[in-house]
Amino acid sequence: MDQQPPGDRAAAGSGVPTPTCYRHPDRETGISCTRCERPVCPECMVSASVGFQCPDCVRQGSGTGHHPAASRPRTLAGGSVAADPRLVTKILLGINLAVFLLVTVRPGLVEDLSLLGRAWDSSPPPGSIVGVAEGQWYRLVTSMFLHQELMHIAFNMLGLWWLGGQLEAALGRSRYLALYLLSGFAGSALTYLIAAQNQPSLGASGAVYGLFGATAVLMRRMNYDMRPVLVLLALNLVFTFTWGGIAWEAHVGGLIAGVAIAVGMVHAPRERRTAVQTGTCALVLLASLGIVAARTIALT
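For the sequence shown, the positions run 16 to 315 when our numbering is used.
With beta-carbon atoms standing in for the labels, derived distance ranges:
#1 250 to 282: 20 to 30 Å
#2 293 to 119: 36 to 46 Å
#3 95 to 241: 24 to 34 Å
#4 42 to 97: 36 to 46 Å
#5 293 to 144: 32 to 42 Å
#6 71 to 176: 41 to 51 Å
#7 136 to 258: 25 to 35 Å
#8 176 to 125: 15 to 25 Å
#9 93 to 313: 31 to 41 Å
It is worth saying that the hints were derived from the structure and are not from the lab.
For glycine and all other residues, C-beta sits at the position ideal for the given N, C-alpha and C.
Full structure from sequences and hints, please.
This is the structure:
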């Protein structure tokens, strides 16, 4: 014989109307969701570790009592695991290649987009002064995606593909993108500070060297054999300081920034992970902006 739940008997005996299911108003129930406390009928209630939950709370929290994001798999640095771990790397490759093709069609863009401190403009109108110090701040960023020679872009894009995919998978898309852009910007800032004010500079080398530094930090964090990446990095640094026509400042600036950001990314304590990672990126950005501001004051 069916028995009325105790809560229903008490309500019936006291004359208080029995609650109805929030999804089925015609169905009375004495059971409520343990999370939102809305009444649910037997058809709607979902068993939980303690009591029952309504379908809405289950969808929002995956039945765990937490936000849905808390149940998603995370990377080593706390980023979301993506279906395509190389998506951002592919996009960055595409942007660099697109700019390279555009430059082959319009070679004059090299002078307009390359990193230049302060110099006389060689193109009309004659006698004008151009450069970052003249307010053309965009050159600090556009130069990061600018290549003029085939071998130059080939080496940089190979480095981006080999290193970028692994870092993107380990850090997550947003953290990886921050690493790439901030490393490249730091390389531009150091070049702007040290190089001659009329010396143009271009290329993604600063960002790629940031990936080199981050890879070394990541491998150390995971207790991998670091000798291969250290040997490769050492060879690249030898080429940086022995070959002519290379903006070594961008390489060094990107490398330092990449190491600093990666340390903050992979060694941040779990309970303060977001704050530490955001703070590390902010400090690198502020340091780079400080360098840019100091050099601008000196040139003007």
